[in-house]
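Could you build all of it, start to finish, from the sequences and the hints given here?
Chains as they are written, first to last, in our numbering: chain C, 1241 to 1529; chain A, 31 to 348; chain W, -3 to 245.
Note that these hints are calculated values from the structure, not bench results. Hints may contain errors.
[Unchecked claim] Computed Cβ-Cβ distance ranges for the label pairs, DEER-style:
#, chain 1, residue 1, chain 2, residue 2, range
1, A, Ala44, W, Pro109, 23 to 31 Å
2, W, Ala114, A, Arg38, 37 to 45 Å
3, C, Thr1478, A, Leu181, 45 to 53 Å
4, C, Ala1420, W, Arg192, 38 to 46 Å
5, A, Ala44, C, Phe1309, 54 to 62 Å
6, A, Leu132, W, Met203, 56 to 64 Å
7, C, Thr1417, A, Arg174, 56 to 64 Å
8, A, Ala213, W, Asp124, 24 to 32 Å
9, C, Leu1398, A, Leu124, 48 to 56 Å
10, W, Ala128, A, Ala213, 46 to 54 Å
11, C, Val1508, W, Leu107, 30 to 38 Å
12, A, Leu124, W, Pro109, 41 to 49 Å
13, C, Val1406, W, Ala128, 53 to 61 Å
Built from N, CA and C at the ideal position, the CB exists for glycine as well.
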Amino acid sequence: MLQLIFFNVTNGLIIGAFYALMAIGLSLILNLSGVINFAHGGFLVIGGYLAYALTPRLGFWGALIVAPFLTALIGFAVERLLIRRLYGRDPLYSLLLTFGLAFIIEDGTRQIWGANGLPFSVPAALTSPLSYQFFFITGYRMFMVAVVAIVVALLFVLLRYTRIGVRIRAGTLDLETVAALGVNVRALRSLNFAVGIFLAGLAGVLAAGQIGLEPTMGDGLLMPSFIAIIVGGVGSLTGTLLGGLLIGVASGLTAVIFPSASEAVIYVMMAIVLLVRPRGLLGEEGMLT
Amino acid sequence: MTTAEHRRLAVLAAIWAALIFAPYWMPLFGGYTALGSRVLVLGLGAMSLNFLLGFTGVLSFGHAAWFGLGAYACGLTLKFITPSTPLGLLAGTLVGGIAGALLGALLVRRRGVYFAMVTIAFGQVFYYIAFQWSSVTGGDDGLRGFARQPLDFKLFQIDLLHNDLAFYYFVLVGFAAAVAIMAFILRSPFGRTMIAIRENERRARFLGIPIELHIWIAFTLSCFFMAFAGALYALLNNFADPRVLHYSLSGDFVIMAVMGGMRTFWGPLLGAVVFVVLQDYLSSVTVNWMSFIGILIVLIVLFFPRGILGLLWQRRAA
Amino acid sequence: MSVLEVRNLSKRFGSLVAVRDISLSVESGELRAVIGPNGAGKTTFFNLISGFLAPSAGSILFDGRDVIGVPPHRRVGLGIARTFQITEIFPELTVFENIRIVTEVAAGYRLRPWLAAAEKAEVRRRIDETLALAALSGKAGRLVGELAHGDQRAAEIAMALALKPRLLLLDEPTAGMGDQETYEITQLIRRLHRDRKLTIVLIEHDMRVVFHLADRITVLDQGSFLAEGTPQEIAANEAVQTAYLGQAA
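This is the structure:
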């Protein structure tokens, strides 16, 4: 029994790490630019498929590194050409835009690579289980968690200690003042968006290794990302990280007791948070209202 | 009467004439009566959403939830409780409306993008329930086994199931009633405070208007209208599936409203016409209809945010 | 009893003191101007009186009643109306519609789904009256967002008037205006003061306006009270001159 719980909690943490990765990218974009990126799942898909296309030439490791950057580049272009025009307007429009983009990306992917799933090969060294006792913790899953942990840590370091990071954080709190101080807000937003998309692209590569490729693979991750942000608290990246892990673990734990409800439980958590502490666990009052 | 009022009445008369005689002029363009019913129902949905979005300025992106709830409640009533069309409609409207009222109380404290996120997430809760609770809702396959029942007036019956024409006029009557109530509310002092909130929420607050209360009322009203439309939709198809609860349908309604003209009363209906026709046409012509719809959305958002009617209005004012 | 009485009002933001120990009282029918060099804390002072900020210390009495803790929209109900530095109007509605909304809210009709004929007539009468007072009757059908700056400001003041306030707070009403517009707004305020006997507190930078309109002037400097008196007294006050000239130097 204990092992079952341990199994599911660990599983939950792994899924949670994944949710967190997606949610943090989404949160970055939401916080600085006030844009709900409906196409975030789409960029995950792009990341995965790009990795697939690059693997024959660069191998797994090369693809792992390059694909997210390429995805970020695409994201940068999208922001620059399309989203940027909508900043002054009602947030409805940027929401609709990303909604439309999601359609285009999904259909485009289907067009280029076909509607059926594609396999994604991962180096054998990673797929072997860690030990006999913990056979369910395959090397790949640990690898995923490790990558997420490293990247998130790097992101937090970037935000805290680099000039750009500080500007992004300040911009989240008060964009006008930051602009008044002479910072190029438009470039900042583009860069911030690209970073968020980088994370989505990375998630795509990692996901591909775990579940293979499919044009709709991003859909199932969009809602949990939203909920991670709501639970963790709008405006707080640490909160989002926490939120992602929490709902992942909750999901994992529920799978022990009540398997069919493991997806429902994250919605229940959201409802509870909204009732008891609407601003989220680490959220700040007045953010984005 | 001034010329402006004359023009208004003329336009109104034209719209209703077109709607009343639709089964007769639609076939000329390759349309058919059931398509007209579909457009009316979806148009009502878009107008219900616009009641909140365009006139109060509240960004609710999960509104399909109430539509779907209305549809399922109506279907379930017809299937398990009583074979009565009016009761099915009533049940659908009440269930969706009351659910909206309850959830609305929870959600109105937030606004802007955050509100949008939360409404989307909540909408998905219902989608998920409909999906999982397959013993009752039929799961992914959808809710079947019910059909619209004839209207029994004791002296005579109107067959709604087999008579598309009769059903179209049934829907039109319902549509007219809902639309009349909507228009009435928007013209009232309450309706004007809704518009004030849209125009400048801060200012409205500092006039002493309790914003949350007013938004909750507007939200609840729009949920009732939405649920009514959803119930009609179930009757239209004799079928309900989780898709009517999914946020992509919410997105469709938003697009209809924006495309037709968000700040106008009839815009969303026009948007529904265009959207339904386009979707019908595109999906029969190409496999990539999704890309086309996506590109259309992007173009509208970037270049025609005021929608068709909005453009016409501007043209006239200039 | 004074309409507005402020005692030892202070507001601190962390270590920054925006308003320090200010006391004043405004009598019924008086037009008080609050002036001072930039950063003197005037807008913060207004925000405290209208309820947008909570004071760190001191009391605010409106008609003898303590209003601290009463949120802004309730203070409106009590009779305090204000305008803002950046015009706050309903931009895509006409002047008429803007004033109608305020009039209906002020009459308590905000939740009503319909009005009886008599009520409609009364609302109509009040709107026309407000329009005439603000000299906007001819522009009633224009979209407020498209009006000239001066007319927008007049519309905003008209909206505040429609609330039937006991105390009207005007935050830099002539900001950003040319001579002609300044003149018109000044005339409007004067009408409100002389004909309507409204109690008005005014923040202004334009000294011509201040000296033209004010019964009494309160001068703030760096958040503290500096001087108070009639326009003549203030004009002759050396400390006031130093405060302003010191800024320029």
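Hint by hint, here is what the structure shows:
no., hint, in the structure
1, Ala44/A to Pro109/W: 23 to 31 Å, "holds (28 Å)"
2, Ala114/W to Arg38/A: 37 to 45 Å, "violated (26 Å)"
3, Thr1478/C to Leu181/A: 45 to 53 Å, "violated (60 Å)"
4, Ala1420/C to Arg192/W: 38 to 46 Å, "holds (40 Å)"
5, Ala44/A to Phe1309/C: 54 to 62 Å, "holds (56 Å)"
6, Leu132/A to Met203/W: 56 to 64 Å, "holds (58 Å)"
7, Thr1417/C to Arg174/A: 56 to 64 Å, "holds (59 Å)"
8, Ala213/A to Asp124/W: 24 to 32 Å, "holds (26 Å)"
9, Leu1398/C to Leu124/A: 48 to 56 Å, "holds (53 Å)"
10, Ala128/W to Ala213/A: 46 to 54 Å, "violated (31 Å)"
11, Val1508/C to Leu107/W: 30 to 38 Å, "holds (35 Å)"
12, Leu124/A to Pro109/W: 41 to 49 Å, "violated (20 Å)"
13, Val1406/C to Ala128/W: 53 to 61 Å, "holds (56 Å)"
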